[in-house]
Amino acid sequence: MYAIECKNLTHYYGKKMVYENLSFNVEEGKILGLLGKNGTGKSTTINILNGFLQPCAGECLIYGENTQLLTPETKRRIGFLIEGHVQYTFMNIHQIEKFYSGFYEGWNSAPYWELMSKLKVTPKQKISSMSCGQRSQVALGLILAQNPDLLILDDFSMGLDPGYRRLFIDYMREYAKAEHKTVFVTSHIIQDMERLIDDVMIMDYNRILAQQPIDQFMNTFRQFNISLADHNAVIDFDGMAVNIERVKDKIEFYTYSTEEEVKGFFKMKGIAYNSFEEVKMSLEDAFIGLTRKY
Amino acid sequence: MIKVSRYILVLTAVLVASIALPAFYWTVFEKVPRSPQIYYSCITQDFVIADGSRRTDPSGKEFTSDEYERVLPFLYFRQLMADGEMPDSINGIKMEAPSISRASSFYRYTPRKLNSPVPTLYPMLESQSGKVNLAMPDDYFRIEKRMEFIVAKTNRINEEKSVLFTNALIDEDFVFPAKIIAGLPTTRKSVDEGYFVTDSEGSLFHIKMIKGEPYVVRIETDEKLDIVYIEAVDLRSREFYCYVFTRNQGIFVVMDEVYDLQRLPVDGFNPDIHVFRINADLFNKCITVLGENWYQAIAVDDMYNVVGTHSEEWEGLYERPEGKAFASIFPFEVRLKDDNSAFINFFFRPSPGFRWLTVNLVALIIAIVLIRRRGWPLMANIPDLLIVGVTGIYGLAATQFFPNKFTVRKQPNNK
Amino acid sequence: MLKSIIYKEWIKIRLIILISLGLSLLALINIFLKVRHDILFVDAANYWYSFLFRGSAYFGILKFLPFAIGLAVAIAQYIPETVNKRIKLTFHLPVSENGILIWMHAFGAAVLLILFLIVMGLFTAGSAIFFPSNMINPSLVTVTPWFLGGMATYFLVALILLEPVWIFRGLYTIVAAGFVAIFYTGAAIEAFRPVLPLLILITLLLSFVVLFSGYRFRKGEM
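Which chain is which? The protein sequence lines are G, W and B, in order.
Residues 1 to 294, numbered by the working numbering, are exactly what the first sequence covers, in order.
Residues 1 to 415, numbered by the working numbering, are exactly what the second sequence covers, in order.
Residues 1 to 222, numbered by the working numbering, are exactly what the third sequence covers, in order.
Looking at chain G on its own, in the form it has when it is part of the complex (with noise of 0.2 Å):
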């Protein structure tokens, strides 16, 4: 059953094209973790599945409905958190639970005032005057009261300063598994995510890079330094690299390839190497090994 369903998305802004045929799926009870650099079309994403853009064709279905015409009910079982962590800062945290309260049925304040409890702010105190790391627990409190059934949230890392990433992160899985909760994750700072999601998504320039677990991604895609013999070597790895970045003699290799068949292809292709090593890499290096660097 999916939360989920994106079929063949494509979008233009005037005549510039963000992507074309775009399709994915986000599995129930899964944490699905969009990659992408600025400007690849996250927001645009992000945009077409809270129905605040419209698509110049294909369509999205959360809970089975359409993105452009989501009913109040299902609305009301899905979480947004803008990017920024926008929030009506012109209330206080007393105000603006009171105001959310009044359009969720099953709202729970409980978590809201446990985040809230934590956080050194005067009751009076209006939101703007926070700083950005408080208002993300705020807009988090407040996502996490409404008790959704798929939480969206749209760069959520962003302004954050390290702890309150963790804290995020962390609070976020451990409450996304005890509850049985979709969540739908967009982030440009890729450290940490690993300890967040289920599944990876990575978007390029009009494609997708890789869409499958983090697990099965994070194994299978590998990363070899070597070094050539002559460095001079023209080198054409069609089919078996994803990426080459090469100074000179050095080389990173990326791959979803074993270091097997690296290496046969190498003594095929009559390459020498001075030394050939496996690096291990985090979710960010593959992810800049995957979208290169530039």
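Since the hints were made in silico from the structure, they are not lab data.
Please note that a few of the clues may not be correct.
[Unchecked claim] Listed next, the in silico DSBU-like pairs over lysine-lysine satisfying Cα-Cα at most 35 Å (straight line):
hint	chain 1	residue 1	chain 2	residue 2
1	B	K3	G	K118
2	G	K30	B	K34
3	W	K189	W	K113
Note that the structure is a prediction, hence the values are computed from the model and not measured.
Starting from the structure of chain G, add chains W and B where the hints point.
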């Protein structure tokens, strides 16, 4: 609801554009309209036309400045006296300053006077106080369900006086409320003659106050008059009390004392669009009726017999280049103010002819091209095209200001 | 749910509404103290005369007050929704998108209308101390377009603020300025009488055009 709100916005923009664009056009291109002054000369027994700096007789012969003054001796009487050029007698009548000035009067009616907000409270002056100077009363009257006097200082009704005047009106079969109340609510006049009032049935009354008592006269007319406007005048000659304008029955004056209605020899006068002028002197009255691009002058003697007529017509606004250009660009215009009204309204003025069709057609083509270029379906934009077709450049601007993006965009075909 | 909507809108506009009410009361107090003063000095009959026959209105300072209030309330209510596109939060609430916008807007308009009716009511009551209905009626006909203009300003500024694309905000502003200027055209006392029904009708029609901007926002115009 959303589509409806867009059409509301588009039509609002059309309205704003049809007010603002023509207003801008006229500020740039409008020329001063002709407004000749017509006099009747007792010397030449003919009309004299002063149009800007040109002074001519009806045949077009131009007068010099001196000639002009000499043919209009009553108008330039002081100048002629100073120059020693004033004749001792004209037409056998001895020329004397008091009689000349007593007989001279000038009056002008414009449609704006009719189409104006009017007060419903007036001061009733004492007509025969025995004092030399007239005095303002401390109360104001209204004629609604009855005639009531309200004391300004207390903002309360003077019951006694109200009953007194109401009864006097009832005695003359006045049917409340009043429709028109016309007088000269000022102390700067030679005598007070109170007010000329029409009741709800349109009958004409004269109401004034003499030594604190009401004086009411029902003015009988030969036929039932559809009176739309009355203006009281303070003539030194005391020839008549007031001008009475009717919808279709012409213009009258109410003669002093006897209350006879004298019809002026003017036909086809439309009080909503025509200007009326009267220039009286010792011998004649020169009446001018002005339309937008014509006038008709009628001279009468002191018995209101017609002694001469003259008329002229010139190019109307839409026949002049700036008007023609306007009518070729704009299908219509809306004005908030109109020369013939003091009210604010949406005065709709369609451009005469169909020259604007070309511009509307071009606007329509541009609209279609824009729709096609954006890949919008033409069918869904039929109402827009209709608006552009009818309102021309106003509609073209309005539909672009509030774009119609309710239809799914097609993908751009440049891949 | 409705209570929550009203609660948030009230938090946004309450300060502006209180300030507006205060300013309006000050303006009214000023008007009637001045009338009282002038009547003492120039005599009531003369004062009436200059109103009736010279067209001098005693309430001129009211003219642009409703415009300023309409503008301020629209800004107070909609700027907080447009900063960081917070209106997304509103549209995400489990209510129909048009529905919630209409409720927000209706609440703002209702508060504004009530405020204006209070001011016009007090103005009428104050006038009735000094003047008969024959002077109050023309006065009300004269001030009504000003208050109507305040409502139109509110409706159109809301439309402008919620519009997501800057260039269109500019275009809407041109139309709004041209339309609102109609209400403040300089004219004699009572001159708006014939056009008033039409102005009321158009203003009523404009009351919900904010939906257009809301729609454009939701369809992702940028």
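Going through the hints against the structure:
1. K3(B) / K118(G): holds, 29 Å
2. K30(G) / K34(B): Violated: K30(G) and K34(B) sit about 73 Å apart, past 35 Å.
3. K189(W) / K113(W): holds, 20 Å
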